[in-house]
Amino acid sequence: MEFDKKNLLKLGKLARISIKDDKLDSLGEDLNSILKFVDQLQEIKTDQVDPTSNSLEQKLLSREDIVEKINEAEDVLENAPEQEMNFYVVPKVIE
Amino acid sequence: MINDWNLVIGIEIHAQVKSNSKLFSSSPTDFGSSPNSQVSLIDAAMPGMLPVINSYCVEQAVRSGIGINAKINEKSIFDRKNYFYQDLPQGYQISQYKDPIVGEGYIDIETENNQKRIGIERLHLEQDAGKSLHDQDPKYTFVDLNRSGIALMEIVSKPDMNSPKEAVNYVRKVRSILRYLDTCDGNMEQGSLRADVNVSVNKDGEALGTRCEIKNLNSFKHISSAIVYESKRQIKLIDSGKRVDQETRLYDINSGETRSMRSKEDAHDYRYFPDPDLLPLVLEKEWIENIKKNIPELPDEKKARFVKEYSLSNYDAEVVVSDKATSEYYEAVVKGRAPKLVTTWVTGELFSVLNKKNISIQDSPVSADMMGELLDNIESGKISNRLAKDIFEDMCETGKNPNLIIEEKGLSQISDEGEIEKLVDEVLNSNPENIEKYKNGKTKLLGFFVGEVMKLSKGKANPGTLNKLLKKKLDN
Amino acid sequence: MTENLTIKQASDLLKNKELSSKELTELYLKNITEGKELNCYNYVLEESSLSEAVKSDERRASNSLKSDFDGVPIGIKDLFCTKGTLTTASSKILSDFIPTYESTVTQKCKDSGLISLGKLNCDEFAMGSTNKTSYFGPVKNPWKLKDSKADLVPGGSSGGSAAAVAGDLCIASLGTDTGGSIRQPASFTGTVGLKPSYGRVSRWGIVAFASSLDQAGPITKTVDDAAILLDIISGHDNKDSTSSIKEKENYSQNMNSNVKGMKVGVPKEFMSDDLPKSTLKAWDACKDLLKSNGAEIINISLPHTMSALPTYYIIAPAEASSNLARYDGVRYGLREQGENLIDMYEKTRSEGFGDEVKRRILIGTYVLSSGYYDAYYLKAQKVRSLIKDDFNKAFNDVDAILTPSTPSTAFEIANEPNDPVQNYFNDIFTVPVNLAGIPGISIPFSNDEKNLPIGLQLITNSFEEQKLLNIAKNIEETVQYKATPEKWWIT
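The listed protein sequences derive, respectively, from chains A, B and C.
Counting with our numbering, you get residues 1 to 95 for the letters of the first sequence.
Counting with our numbering, you get residues 1001 to 1476 for the letters of the second sequence.
Counting with our numbering, you get residues 2001 to 2491 for the letters of the third sequence.
It is possible that part of the hints are untrue.
[Claimed, not checked] Listed next, with one range per pair, are the computed distances between beta-carbon atoms:
id	chain 1	residue 1	chain 2	residue 2	range
1	B	N1355	A	P51	52 to 58 Å
2	C	Q2337	B	N1216	26 to 32 Å
3	B	E1012	C	Q2337	33 to 39 Å
4	B	S1255	A	N7	38 to 44 Å
5	C	M2306	B	K1131	47 to 53 Å
6	B	Y1106	C	D2374	39 to 45 Å
[To be verified] Where chain A lies over chain B, by a calculated footprint (3+ residues, C-beta under 8 Å):
id	segment
7	1253-1260
8	1275-1282
9	1294-1302
Treat the hints as calculated values from the structure; they're not laboratory data.
C-beta: ideal position from N, C-alpha, C; glycine also.
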């Protein structure tokens, strides 16, 4: 089993998703089933193949170094669950 | 080297690109704006927002790459570096991993008695993160995204440095090059340029030690003392039979110590992968060549030229060129004047005033033109060097033009022999007994006569002429 | 006269003053109210749609129409960010999110005078093929099995978009397609669903699922309507770095349904004994139809397409795991209280995301993590190249490719398999198209023995949408598929 309890919890930590104890088994089963399914790719020979990360054949377009909107503070804070003095507020972080 | 321990130091410099707008958004990059006032929807990672690259930032990275003698890669890839942090809105940083825009390069730094070449691994473009304020509230952290998305160049050195001094000189040199290129303002206090320093210790013939990374050092002083502290800490650990853990540490500027970062709850796994929102960045050969052609004279070249053209010593030249504005100031003053005099005045008098006032040469109260005028008065003999210092002080205070000060205070030197002779005669006439003593062998009294004449002339008598006349009269 | 209107018909009615935009909009708002049970809409814009309709009528009166289709009401998948209007991606984590900006696609619709009736239900973050992963509950397919009252899935993820068109709760709709999310529900509901070439339509302002695969497109009642909407929404957008700079064509004006001399490929890998007989029959009938209309049918091979599904289920979750990292409770969306920052993150994301989304985030995180990247993610990217290559080669010989859209017709909501992988097979014929970045369209061809629509898929090379629409139009003209579901939801 690739996705045993320990691996699942570690993966959950990495993805910042807490996984409840009673979900571990069924989730592990699902993920194992998916992993088994995608594992069939291992049979395909790809030694000489370049990877494709985007199918669009075009060079990267760029913009000029021009400032457009100066103040979107209201816009970007509009949906904030918690804010104070135009700061986003989160539970205390210790470095 | 401490006892028989070697120090091995590698440095990652994060240099903010000097640009109007951010790397992937059109928000401004000004420092010190009110919280979240220069944050676009893209910087705040609102749903559905997409990055569009700033072509000027790309150009700045290429210019910087050329400045550090590095290979410019015609094709580079933007990757996502995935991790969660409150000041990283996307949940990933757009950076470059396997295919950076700039490859291997090097710079030369000065060491005690010669030069040393420090290898550079790469330079890549990435987004800066926002800022967190931890001290506003006991229970909460405040987040400001103004800095989020500003273009950063990460310059990674090889572990080629072996002392705090070398490390500092390396950062100084990189900073100087970037400032010459105008690709980064190099303002360390504001965090436009910061360094992560990797330190390890080992003994001759032994394998490299385990390294620790000290994050976010933003002054030369901190770089130096953090390395000193960290290397001692590691040596002490090993000497007492313990081992050094590879970890990220913070430098506490108050205690001067480094400490382990507590937030490293789980080992990072950044899951880098090519950003599917951005296609590969492809640079045309011709475009790169064109940029190369327009690279300004850099510190090393300028130094060589100053040594050659102005016969500066290696040391003086290094001092003068290390800062672009200083070198420009120097060159403006030295044109048509005696280099020795200019060097003494710029690196001596001017520097000491700037240091005292803690200001940069751009803010110097004495412009290059005014400095030139002052030195012209010395060279022409109109004023003495000593008087010039007084005038310079006055210039610094009032910002007045030296000629004006000389005129206003009637300070111009008396070089007319007839006029000086009158003063000499006056002094001699009122001191017959001292003349007697002098003639009887107490020649030290010459100084007394000089002083008296100077007093009478309010310090303006040309000392050469005065000496010559006095001697002539006394020795006859 | 006013049932199952197409964009073309509706705009003619408006033009001939037989109906005002306000009346038309009221009619559809009534249909929406009557069709509440279908659960197509997450949010209905009752007021703003009417006020927009009134404005459109005023424009008509003053001869200042924005386009020929000014005043036509459509529905919008709840994945497009709409300024001042709830945009949820059918997820709890965004259930109260009101954007302060408008997606490029919906802005273009506004600029053409189209009226938004509301936001259409879909699978959570467009992840699913049955519309059952929506936080707001499943959408019901307007179609029913012969002699059965069981509710059927409309397909997904654009289930609401497809069901609303099929049930006439809007004239046409916008969907998005990452692995088949337009074509598969179109096939399940007897509607036309077009996924344009990657880069043809801007992704700016669309909640991202898998950035290298996502593409917006129309779900409509006819091929003509698909062309009309594509005309409106396509084109370069300098806010999207992956938007193509290729000039777009005038698809509706240039529509030409003549297929004489066209070569249409039929990939042998798509033929399987597992396919329902009725689907095979429809496919064969379509080949005959095209042949008799002057096209040549050519057997082709796309050797790697059968690896497309596992490839997709590595690439899409990998990109999604990163794209969905921004939902962290800091700047918008749901926040659950936590003892510290990490605790807040974990609780928010655990509470805010549904099971399928979590599965995909976790798998995506896994295939990118150190030690597995090469074996999974890089491998999938390489197979993606092979798949793209297969299509490139095929298009040296043929103008278009004809396949079934889905391996089955719609099934009962209650019968959805428990194993997530079984569900993934719904997309087996559509996924290769997304990986290759080429356009595909699903058009209804006939109904099966259970009276459920069967969709067929046409595929052309990148940016050959015109050719795609032309051939689709030819089939549509010939088969004259007119079936509509019985409106059982009106009591």
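A quick look at each hint next to the structure:
Here the CB-CB span from B/N1355 to A/P51 is close to 56 Å, well matched to the stated 52 to 58 Å. For C/Q2337 paired with B/N1216, a C-beta distance near 30 Å keeps the hint of 26 to 32 Å intact. In this structure the hint that B/E1012 and C/Q2337 lie 33 to 39 Å apart at CB holds, the actual value being about 37 Å. In this structure, B/S1255 and A/N7 meet the distance hint of 38 to 44 Å, their C-beta atoms being roughly 40 Å apart.
For the hinted restraint 47 to 53 Å between C/M2306 and B/K1131, the CB-CB distance of approximately 50 Å keeps it satisfied. Between B/Y1106 and C/D2374 the CB atoms are about 32 Å apart, so this pair departs from the stated range of 39 to 45 Å. Residues of the segment 1253-1260 of chain B with a Cβ under 8 Å from some Cβ of chain A number 0, which does not satisfy the need for three, so the listed coverage is violated. Residue count for the segment 1275-1282 of chain B with a Cβ under 8 Å from a Cβ of chain A: 6. That meets the three needed, and the coverage hint holds.
Counting residues of the segment 1294-1302 of chain B whose C-beta lies closer than 8 Å to any C-beta of chain A gives 0; at least three are required, and the coverage claim is violated.
Figure legend: structure checked against the earlier numbered hints; hints not met, in rising order: 6, 7, 9.
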